[in-house]
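Colleague: Chains A, B and C, in that order, are what the protein sequence lines are. Counting with the numbering used here, you get residues 1 to 287 for the letters of the first sequence. Counting with the numbering used here, you get residues 1 to 298 for the letters of the second sequence. Counting with the numbering used here, you get residues 1 to 371 for the letters of the third sequence.
Simulated from the structure, these hints should not be mistaken for lab results. Treat the hints with caution; some may be incorrect.
[What the hints assert, rightly or not] What the simulated footprint calls covered on chain B by chain A, stretch by stretch (three residues with Cβ under 8 Å from a Cβ of chain A suffice, anywhere in the stretch; the number is not a length): (1) 44-58; (2) 64-78; (3) 85-96; (4) 103-116; (5) 147-159; (6) 201-208.
[What the hints assert, rightly or not] Derived contacts from chain A toward chain B, CB cut-off under 10 Å, selection only: (7) Ile-36; (8) Thr-52; (9) Tyr-102; (10) Thr-183; (11) Leu-184.
Glycine included, each C-beta is placed from N, C-alpha and C at the ideal position.
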Amino acid sequence: MTGEIDRLHPEAAVLSGPRPKPRAPRGRGRVAVSWIVLIASVAYFLLPLLGTLIFSLRDRPWYQAYSDTLADAQLYRAFGFSLVIAVITVILSVVLLVPTAYWVRLRLPRLRPFVEFVTLLPFVIPPIVLVYGLLTTFNAPPLPLTTSDLGANVLLVCAYVVLSFPYMYRAIDTGLRVIDIRTLTEASQSLGAGWLTIMWRVILPNLRVAILSGAFLTLAIVVGEFTIANFLARPMFAVYLQLISGNLAYEPAAVALFSFAITWASMGVIALIGRGSGRRVEITGAH
Amino acid sequence: MSQTADMHGARTATRSGRRRFRWTFVGVLPFLAFAALFLVLPTLYLVVGSFQSKAGAFTLDNFFHLTSTYTAGAYEASIEISLVTAVAGGILGFLLAYAVIAGGLPGPIRSLIMTFSGVASNFAGVPLALAFTFTIGRTGFITALLMAVGINPYANGFTIYSKIGLELVYLYFQLPLMVLIIAPAIDGLRREWREASENLGATSAQYWRHVALPILLPSILGSVILLFGNAFGAQATAYALTGGFIPLVTIVIGQQLSGDALGDKNLGYALAIGMVAIMGVTLVAYSWLTRRAERWQR
Amino acid sequence: MSYLVLTGIQKRFPGGTVAVQDFNLEAARGEFVSFLGPSGCGKTTTLRMIAGFETPTEGRISIDGADITDRPPNQRNVGMVFQSYALFPNMTVADNIGFGLRVRRRPAEQIRKRTAELLALINLPDKGDRYPYQLSGGQQQRVALARALAFEPTVLLLDEPLSALDAKIRVALRHEIRSIQRQLGITTVYVTHDQEEALSLSDRVVVMSEGRMEQVGTPFEIYNFPTTPFVASFVGQLNIVPASIIDSGTGALTVAGQAVRVQRAFTGSSGRKVNIAIRPEMVSLGPGPDGSNRLTGTVSEVSFLGSIVRIRVRVGGDSGPLVSLDEFNEPTLVLPEVGATAQLSFPAQGPLVLDPNVEVGESVEELIAET
């Protein structure tokens, strides 16, 4: 021990220690109930997956469903198409939302509630209504997008971008909140950077985690989305699944498991990259 | 002289001020334009169309016709299924969330259930419908197991292609959604409140009745309302499971799109707008309740 | 002398950490006892064991003769004030205060009367209808206190109740807490890491470190006659000055080549290097009365701290030890210049000899008898 300990600031001598960790509640009864709830829930969630698995193995020989699936060219085409659409959706969404979220935070804070409201509109306008409106609007000149494949694909991507608004915007906004964009921008400007440089070299790299989270969530949604794809008659993965479910017996089970695995993988990736970057609250909804 | 200079100066100031003002808005223009084109415009088309008669004149008839048997039945079915799955999902989801967060279970279980909830709340539509068909459909493996034991659910009138079946299936994504939404509120239930109430002499039941449930109620109500909206807007799962056999609002709209099931496209627009109105109300109610809840979670 | 009794208390957590061991205390009825120590020393854990939120792995706790060790927390009739206030956000101030009575099913009229009494006691008579989020931190803490006192508990427990508040409010509120406690005559245990709080409020202080009791005594005893090196350094300020033993029999040592005599007994062989600990307020500028120890050095720093002036003197040559001394600030005080030669003096009873191999000398009673 050397030196003085400041009497005027005794807490300086004290290392800040951790608060007591949350202890499990006393009362073994309560823990027992928790276990019952957990096991019942897990059973409910696992049974349908089990059913799908069993069905996929019922063909003769047991792997037939899987080998048929893997041999189906249409599967690859549908899945590939979905992936491409998903990637384009994510890119377009990022290009639209990152500058907007950034600008709103930096220059137009009063507009924030309004922009947030707009990003929440897709909750109010469910996919079936959205595709209804899109088909009605873009049916005829001046924007006859529904009449061609390219047009329909454009419509599809734009619909998915709209659908991704709530999740992407929230992820990006949370990411921006954590980094001090005002200081970063001023520092970059004083070093001579223009807006594009700031966006590309300063803001985006710092948003990597947020964007990746939003991207994988959008990926899961796009790959699983059926309603819009169906009514726009696009050869997406979920439409393909619905198609074969009417015609084949065991393959759909294998494909359904595959679809579930993709979603799980995306969420797993999100959980991995989200670790250490604070809590992220997702509101996800399925139809 | 000075007045003119002032006016001139003022004008210049306004002009440059206005110009600067506009530049700032350019930043959000692409986003707003996109939203306007692909979200607002289509909705407007539907809104306008719902107020038009076949001839194009303004009318409220379409909304009155919503009460006709077919569409009213669709609304009834949608509301019933949404309500049941919202309440059931709400209660069960709350129980599960509480069990893994504050129920004394090992720590890793919580993140496992949270991740799974994230997955399950997105696992809907065709694969979900298929999964349930494989499980408790006519040839499902649970059905087979039950029949082996001597119970034939299908003989007693149960069928998965019914409202009950649909509700059972919807629960698969409603329950996890509830878990995800209510988790922060349960986290916010501070341990000290429970300890303080014990210290003051309250039993567990008294704690729940006087402290925990009142604090959680706005969040729970808000979440149930969100669940309602989520089920109301669902289409793919019902379509894949029942093929349109049970008329829900979303199904009827879908039928309208694939062929003129209602025989009147303006009625279809009214149907869609009615749905948007209901979703709008639920979102407003959810926001209001969440904001009230946040006030207490400080 | 034994209203609240803790005997042989030990707390071992499932992971193996021993948070508290060998804790023994007998508090008289109406006594105000503080547990003082750094974070992690076990003071809060001990308090929580009295409240019933933790169960001791060994030992018993009794209040007024009744063993409460196995009773659940909601049957102990002790009142606890939490560091974070823990007011129920969904209830008004009045409802919060009345909660303890409500769960005991007292009649509404009695609850109303008692609540009004307490609101007057804590000086917030017209805030009964407010909600906690509408009150300031200090007000919330007062409500928490009232809530804990409403059902007339046998013992009052406070877990660092003031640490979340501003300095000025802290000082005002702690006086209020003490005066209320005196007024009600309720046995109180107060946990804090702030020694000023502990020393100014308590009848007795328990200094803790790493789960063990270091010393129990009145604030005067703790401060002036610390019995362990930890207590000496944790409570109050201390100069630690390297020295060499010349003769432990006569208490002679050298500091930077200058002779010093220490009255408190110590052992150690000649030539051994030790540390001398002395409080800044025991050191004065100038030669001091006859028989004082004297050291010469150069003034290295003069800090004006309001009511005190702190002067640091480098004893001996350029590489000698620094000694701090505090002088009361007076308008007639002549502040020494940096670089000037200065003479320090301190009484022989003042210093403590510290070294891992050197035992601190007599017991408290003997030290008091000497002084």
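Colleague: Take the hints in turn and mark each one as holding or not.
Modeller: These are the hints, each one checked on the structure:
Coverage of the segment 44-58 of chain B by chain A holds. Counting CB-CB distances below 8 Å, 3 residues qualify, and the rule asks for three or more. Counting residues of the segment 64-78 of chain B whose CB lies closer than 8 Å to any CB of chain A gives 0, which falls below the minimum of 3, so the coverage claim is violated. Coverage of a stretch by a chain is defined here by at least three residues with a beta carbon nearer than 8 Å to that chain's beta carbons; for the segment 85-96 of chain B and chain A the count is 3, and the condition holds. Against chain A, the segment 103-116 of chain B contributes 8 residues with a C-beta closer than 8 Å to a partner C-beta. That satisfies the three-residue criterion, and the hint holds.
For the segment 147-159 of chain B, the stated coverage by chain A is violated: 0 residues have a C-beta nearer than 8 Å to a C-beta of that chain, whereas at least 3 were required. Requiring three or more residues with a Cβ within less than 8 Å of a Cβ of chain A, the coverage given for the segment 201-208 of chain B is violated, as only 1 such residues are present. With a least beta-carbon distance of about 9 Å to chain B, the hint placing Ile-36(A) at the interface is held under the 10 Å criterion. With a cut of 10 Å, the hint placing Thr-52(A) at the interface with chain B holds, because the nearest CB-to-CB distance is about 5 Å.
Hint status for Tyr-102(A): holds, given a least beta-carbon distance of 8 Å to chain B, under 10 Å. Nearest Cβ of chain B to the Cβ of Thr-183(A): about 19 Å, over the 10 Å cut. The hint is violated. With a least beta-carbon distance of about 16 Å to chain B, the hint placing Leu-184(A) at the interface is violated under the 10 Å criterion.
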